[in-house]
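Visitor: Given chain L, put chain D in place with the hints provided.
Chains as they are written, first to last, in the working numbering: chain L, 9 to 723; chain D, 9 to 723.
Don't take each hint at face value.
If chains are identical, the list can't say which one is meant, so a pair holds when it fits in one copy or spans any two.
[Claimed, not checked] Heads up, simulated EDC-like pairs for lysine to aspartate or glutamate below, C-alpha to C-alpha not over 20 Å straight-line:
| no. | residue 1 | residue 2 |
| --- | --- | --- |
| 1 | K380 | D64 |
| 2 | K193 | E271 |
| 3 | K99 | D295 |
| 4 | K138 | D97 |
| 5 | K107 | D260 |
| 6 | K99 | D243 |
| 7 | K99 | D345 |
| 8 | K309 | D505 |
| 9 | K62 | E151 |
| 10 | K95 | D345 |
| 11 | K107 | E252 |
| 12 | K62 | D161 |
| 13 | K74 | D587 |
| 14 | K380 | D177 |
| 15 | K683 | E670 |
| 16 | K457 | E151 |
| 17 | K257 | E190 |
| 18 | K683 | D315 |
| 19 | K457 | D161 |
None of these hints come from the bench; they were simulated from the model. All of these numbers come straight from a predicted model, not from anything done at the bench.
2 protein chains.
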Amino acid sequence: MKKKILIFILVFAVVLPLAAQTWIWYPGDYEIWLGNKMNNRRTDRGAYFPPFWKQDSHYVTVEFSKVINLPMPQRITIAAEGSYNVKLDGKMMFGMPSKIILPVGKHHLNIKVHNQSTPPALFIDGATVKTDSSWKVTYEDKEWIDESGKASDTSTTIYMNAGSWNFNDINSLPSAFALEQEPQKHLQTVSDVNGSYVYDFGKETFGYPVLKGLKGNGTIYLYYGESKEESEDMDHCETLDKIEVKDGKVIDLVNNRTTDLSETYELDNSKAFRYIMVRTEGDCSYDDISMQYEYMPETVKGSFRCDDDEINRIWDVGTYTLQLTTREFFIDGIKRDRWVWSGDAAQSYLMNYYLFNDNDEVKRTTWLLGGKPPVTSHINTIMDYTFYWFIGIYNYYMYSGDASFVKQIYPRMQALMQYVLGRTDADGMVEGLAGDWVFVDWADGYLDKHGQLSFEQILYCRSLETMALCAKIADDEASQSKYNELADNLRAKLMPDFWNEQKQALVHNRINGIQSNTVTRYANMFGILFNYLDNEHQQIVKNSVLLNDSILHISTPYMRFYELESLCALGQQTDVLNDIKDYWGGMLNEGATAFWEKYNPGEKGKAHLAMYGRPYGKSLCHAWGASPIYLLGRYYLGVHPTKPGYEEYEVKPVLGGLKWMEGSVPTPYGKIYVKMDKSNVTVKSDGGKGFLVINRKGKQEKIDIPAGKEMAVKL
Amino acid sequence: MKKKILIFILVFAVVLPLAAQTWIWYPGDYEIWLGNKMNNRRTDRGAYFPPFWKQDSHYVTVEFSKVINLPMPQRITIAAEGSYNVKLDGKMMFGMPSKIILPVGKHHLNIKVHNQSTPPALFIDGATVKTDSSWKVTYEDKEWIDESGKASDTSTTIYMNAGSWNFNDINSLPSAFALEQEPQKHLQTVSDVNGSYVYDFGKETFGYPVLKGLKGNGTIYLYYGESKEESEDMDHCETLDKIEVKDGKVIDLVNNRTTDLSETYELDNSKAFRYIMVRTEGDCSYDDISMQYEYMPETVKGSFRCDDDEINRIWDVGTYTLQLTTREFFIDGIKRDRWVWSGDAAQSYLMNYYLFNDNDEVKRTTWLLGGKPPVTSHINTIMDYTFYWFIGIYNYYMYSGDASFVKQIYPRMQALMQYVLGRTDADGMVEGLAGDWVFVDWADGYLDKHGQLSFEQILYCRSLETMALCAKIADDEASQSKYNELADNLRAKLMPDFWNEQKQALVHNRINGIQSNTVTRYANMFGILFNYLDNEHQQIVKNSVLLNDSILHISTPYMRFYELESLCALGQQTDVLNDIKDYWGGMLNEGATAFWEKYNPGEKGKAHLAMYGRPYGKSLCHAWGASPIYLLGRYYLGVHPTKPGYEEYEVKPVLGGLKWMEGSVPTPYGKIYVKMDKSNVTVKSDGGKGFLVINRKGKQEKIDIPAGKEMAVKL
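Extracted from the complex, chain L is given alone in its bound form (with noise of 0.2 Å):
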């Protein structure tokens, strides 16, 4: 009993934050109005390039509100964005008070706030009234009164828990947000090309290039390049920069911003590179050219180490893909686009778990990729990425426990669900109708989007379970049951319509309720991960499917993300090891400081470079490149909860041809350090119900792990 207690203590004390003051807002609206200054920061050869989707905004004007109880009267300090007004039960105060005096009581503290541009938040601060998420927001008191000043009915009302980040301090503007920077110089070695230079920074980077000593008359071109060739090649890389130097003023002509010349100058829109060619033109020169790198502060909490040098290097490399493509928000590649993508961030995600583990980080995407009702399409237009983004709900509360965020984006999630089956077939299943993007993965061979995909019959399925449980912590009981229905209807079907006997395997997809001849790995990797695939079933594809050479390879870490993640669950982490080192090894023989977008070891030089019909299209950075740091944690230190927020878990080691290994995980408790050998496995865990599972003498065991005591065991 003592020891319940105890874990209800440690995890209300992780979980909630403690009570301090912190700006507050609207949930969600904050992360999507910064999440269009991400979207829209993006420029293709020297072009604002947003995206396709409808992107939403804040609501601009929001009423917070708490009711206090003082036992003495306590003087607070208020601080708004926007516009404001302070009403202490119903009556308004004069003007915009930055500090009044709260009586002694219980009182209705009641103050709205209007800004167009930014979104409306708060601040309060006094010895016990501080705003936190206990606050109360809403866009729509409905509170009119009549003729006779008698206020409404406003018992339906809906009031949301207020949303907030880290903005502590009354000065820390959440609008004012911007990412750290650091001055950064690039290598000695400086090549001349045709009278052009190309600074080489010594690895993949990010961040604004600053030109120093600019003088003269004339026009300065920037290329930049992930790789050499691509800022060698003015007619073809994907982002540069043009600026003029005219009596004494400098003109930023991809922005049209005019500054006055000075000792140095910073470029307006940051970009992503490895090289920067610098070119001129006219009467004009430059002394040196520097950066400041941009990043997002992110502690690495995960670690990982073995006796493999290349596996050492590839989580090395994964973590700085992975902290390069973790800014505001997660987003795909840093050179490119940008933006934030749903199928993405789910990997992200769940790399997050094993590395930052920033809660704020994963809420922060979900509520931008949310979007605000109405639903006018899939997420980022595309099918698979609607239900990615249940997905990563689903598994955010497994790492995190954070049933309040849950119940914050549910309603959110039946907007979407809604959507969605608003646009399911007679079979109850979902197919791409006309403005639907059926994405699946970038495929090195045909791949048919017609019809019913059993992919996404699988990942509609999983988004149905996802419903359910997050109805229940919603307390939506009637949704419940519905969405338990249909996701126990869809997965009766799965087996009888996409199974086929002869090819041991499920198949791509069906027309018109009959089944292609073709297989493809994807539905047969997710069936093994959701169990939709019973055990037998399981050791079929895998034979039939994953380890067979005839069906058609994955080339992207994407879905190589998946596939390698399946045969581990299968206990194939030997083979899967081989992988990881052939694949992301072949990637740092090839020269890689981060992971790419996709990769092909059988292509060599500038043929790596190419994609999307262009010379220089493939991101070299991009976030689901950086998968390892994920299979490491999970599947070798084999740390993963079992109930949400790791008030049970599991570690499950296994070394897959390593000889030793060691490393951590992060949890809401603090971490779980897991070291082993051929011959020991040491566990200490900072808190949560643990179980470790190991394999001695050819027998499973499962041991219980004390929280914050060392425990080592003898294989």
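Guide: For chain D alone, kept in the frame of chain L given last:
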């Protein structure tokens, strides 16, 4: 045949604006953004006081496009409010070009503009390529490219025609719109009230107070009054200002804004007042006060003059009342909330058709009130106001013939009607649910708001008819049938369900299927106006309700509007003229310089100022007070369209006790002039097929009105 062609050409020329370059945006977006400025400008005794309903926002990224076909190259100028790109035939150009040359032939020109703070807007000017309402816009083109670079299927992308107003110059930025201003002085008579001075500006006015010669160190209070009593009552006046003069600075304590002290100081917020009391505290002084009168420049196109001077004064004060309340939008009253209310606006629209005939003002107000999906409440939270919104569109179409607007707003109409349909009861009727404000009127007696109100069903029925009409215009045949059926069903229920034989009237409401005992005027009035009562029953309720003194009297000009209109529709112009003289003449006798929100002829003195339980709560300049403008044009001059846009119209002049009258009514063709005395009628019309309807020798005659030629008829 020739005549028909001529009419067609005229309609075309009148209804479509001439092709001229103008700033364009996503339809409704600018209006909603400007509306947020309008609705969030209210202050209440120095406190910011925003609306209590959801306020929407513009789409932050909008694509503008046009297919062009040029016989020779053309140089165009491009300007945008926001970051933008320019794509010609799918290829993006460098930077944000302000001049480009379009090549010969057929080309696709696509421009994306992003702006978080103000609506993305575009302006293009070339010899023939110019931004106007023929440009297409979307907030979501769904134009993705796949790995091969191939563009997606965008067949389901929704494109709208661009919105615009009158920003026809590259330098007239839509976001910089401001009303006109001109200086006004107070009268020479200044009264000293305990050392404070009360300034009289001679009549109700609106604008920014300007203090001249501020000096010293101290505080200055400004108390505004629509009445002298209000300005002198520091503790109860509805609006006030407070500024501090300190060490050469002026601090606006309402807005927390500090400026340098200079010769004149203009207050930040506009106010409505006739009187201002200025009080100084501490060692500060000022030399004089004046104001910057702020107004929407409107041309008074309608006119009315007659032998009765009181009626002429009523027409003039009505005109001034409507001028003051016609701002960026049609608002309710200029003092108190200055918000945009649908029921109030519906009346302003009708008056506008007889005075300014400013279509843009109607459209702007309609866009703002309609808001954006999702619909989360009735318009302004008021059930009846949702219905007035539909009816307002019906009337706008009749007076303007503007089918393009109907097509533009139709999707928003569908969204709102969907919301209404989702809230009907088992009888297919509307009842107030929790959170709904069932308003009807500010009545001087108990109005039951429970159950099925006959008044609400009648407005709802008319809204369904409007939906059917607009569905037809929008080529949505399925919906047209659906709405017609719903309207027919509901109309068929009105008499059996609400008619009471004993009372010879429609009763006020039904609860659980049981008629109440109460008869009010509302449903009976609208039953006449919408012809839901047949001729026999119209005559019955004229006596049993309209002219029956025992039925609860109406004391707002708001409902007097429809009451008098229904009497006019029954030919009671002589009675109504007396009513107008009593009621509006009564306000003039009380010293009104604009018409009021409410008037109880019995009351005297200060009682006229109170409302909502506050001594000066009543608005003394309220749009709905100006209804004689409409009644005189519509039922005395007798001019109104019988087909959309005055393609056909009727002139049915009625002296109603006057000796003579003359006036003009603006139409899409120009105007219709009518002059009448007891022996002659003269009509001159600028276009449309018109009929003069007169009584000669006890017989009604219908005479063709020639276009463009004065016609005189002897009675």
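Visitor: Does each hint hold? Answer for all of them.
Guide: Checked hints:
1. K380 - D64: both (6 Å within a copy, 12 Å between copies)
2. K193 - E271: Answer is within; shortest intra-copy Cα gap is 17 Å, inter-copy 54 Å.
3. K99 - D295: neither (63 Å within a copy, 35 Å between copies)
4. K138 - D97: For K138 and D97, only the intra-copy Cα distance (18 Å) is at most 20 Å; the inter-copy one is 55 Å.
5. K107 - D260: Between copies only: 17 Å across, 44 Å inside.
6. K99 - D243: between (65 Å within a copy, 14 Å between copies)
7. K99 - D345: Result: close only across copies, 17 Å inter versus 50 Å intra.
8. K309 - D505: neither (44 Å within a copy, 71 Å between copies)
9. K62 - E151: So K62 and E151 pass the 20 Å test across copies only (12 Å; inside, 31 Å).
10. K95 - D345: So K95 and D345 pass the 20 Å test across copies only (17 Å; inside, 45 Å).
11. K107 - E252: Answer is between; shortest inter-copy Cα gap is 18 Å, intra-copy 49 Å.
12. K62 - D161: Cα proximity of K62 and D161: across copies only (17 Å, versus 35 Å in one copy).
13. K74 - D587: neither (56 Å within a copy, 51 Å between copies)
14. K380 - D177: neither (29 Å within a copy, 35 Å between copies)
15. K683 - E670: Within. Shortest intra-copy distance 4 Å satisfies the 20 Å Cα cut-off; inter-copy 100 Å does not.
16. K457 - E151: Answer is between: at 17 Å across copies they meet the 20 Å cutoff, but 50 Å inside does not.
17. K257 - E190: neither (26 Å within a copy, 40 Å between copies)
18. K683 - D315: within (12 Å within a copy, 104 Å between copies)
19. K457 - D161: between (51 Å within a copy, 13 Å between copies)
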